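Using the sequences plus the hints, can you model the full thing?
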Amino acid sequence: MSLYYVQKLLYRLNRDDVTRRRFETDRENLLAEYELTDEEREAILKPDIGLLFVLGVNGQILMHYAGMCRYEWDDYLEAMREGVKKYGPVREGVYTITGYEGVPAHDETLKKRRTAAKGA
Amino acid sequence: MPLVFAGVCSHAPGIVNRAERADPAVREPFYKAFYEMGDAIRASGAEALMIIAAEHFGNFFMENMPAFAIGMADHYEGPIEDPDWMKIDRRQIPGNKDLSLRLIKGVMEEVDTAYAEEWKFDHGIMVPLNFLTPKYDMPVIPANINCQGPPLTPLHRAYAFGQAIRHAADALPEKIALVGTGGISHWPATPDSGKINEEWDREFLDKFLNNRKDELLAYSDVDTYKIAGQGGFEIRTFIAVAGATEGHKGKLWFYEPIPIFAVGCTVASMEVA
Chain A
1 MSLYYVQKLL YRLNRDDVTR RRFETDRENL LAEYELTDEE REAILKPDIG
51 LLFVLGVNGQ ILMHYAGMCR YEWDDYLEAM REGVKKYGPV REGVYTITGY
101 EGVPAHDETL KKRRTAAKGA
Chain B
1001 MPLVFAGVCS HAPGIVNRAE RADPAVREPF YKAFYEMGDA IRASGAEALM
1051 IIAAEHFGNF FMENMPAFAI GMADHYEGPI EDPDWMKIDR RQIPGNKDLS
1101 LRLIKGVMEE VDTAYAEEWK FDHGIMVPLN FLTPKYDMPV IPANINCQGP
1151 PLTPLHRAYA FGQAIRHAAD ALPEKIALVG TGGISHWPAT PDSGKINEEW
1201 DREFLDKFLN NRKDELLAYS DVDTYKIAGQ GGFEIRTFIA VAGATEGHKG
1251 KLWFYEPIPI FAVGCTVASM EVA
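Residue numbers (my numbering), protein chains in the order written: chain A, 1 to 120; chain B, 1001 to 1273.
Simulated from the structure, these hints should not be mistaken for lab results.
Being a predicted model, the structure only gives us computed values, none of them experimental.
If a hint is listed, it holds; no wrong ones were tucked in.
From the structure, some residues in chain B lie toward chain A, with a derived Cβ separation under 7 Å:
(1) 1082
(2) 1190
(3) 1191
(4) 1230
(5) 1259
Where a beta carbon is used, it is the ideal one built from N, C-alpha and C, also for glycine.
This is the structure in structure tokens:
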């Protein structure tokens, strides 16, 4: 596990145009500069957003890599959920899953409560 | 001049980039409160706006993570994120290097802050500016507290940072407004994005608005993580504002959970004198 280097590469891809260009044109050499396990390397290259989440990549870094890989917002969230189903709980870093019901159901509850409050 | 304004607000990227997916019944009053805070900052006569943010690996990374940082440049750039994703055009934002320098010197008398002559603003600053100074015409002094990469800045140090900013700002001739941005409970950029613990938020806001220092500093990151998500670590920015307005109370302008924005959307001000 070398979560630090996975996150560092993704962080640089997020913020640095030169790194992003090298990712397109000189990928092998770029990746060789980071200490990555085979699993991490494959997860980055595929990209397997769900596995990267399970490996412990911070969402504030991962969401931009997913964006760079043309994931829409809902697809990004789903990819993380799928990752947890496939690979199990997050292995490192700050995250655990809490059993959240999701935005549409949450919105519906809040809307009902607002309507009830107005009627009262 | 003494600090002329102090407030707090949310900064989640969804507030701008998922705007159309929110219920207008809550979105519009939230935006209104946000814009009104901008009006209040201008009405205060502020010559610069200091924003205490909780940046998300835009400029600072675990290779050299400062507990505190303050910007010291005549101009900044943002958003650092893909502008198409952020839905805010990339632009230059005015700063004030000389004012920053004097402010940082003052802060350093009490708290060891890093300084940065280069800073690309992420959504943590760009989303607030989008509402507070939509013309990007007020010099900004960015500040940061490490709320993202553990070990995080201790809460009592965040409070001390706010006190140091207050003492430094009060000693300068310029009028400075201060805004902390972040939190409160949320699980941003995770599968639980959208989850909000309203009860916890309101309890925190009550402590914050009444500036009950001991209660604010009694939160533990272990509990916050369990109950309020990793986004809850960003209470540090609110706590710094409480430190800058020690002994004073505040007013809640707006609070509503808006799940698609992934946060309990908050706008509040604190009395500065």
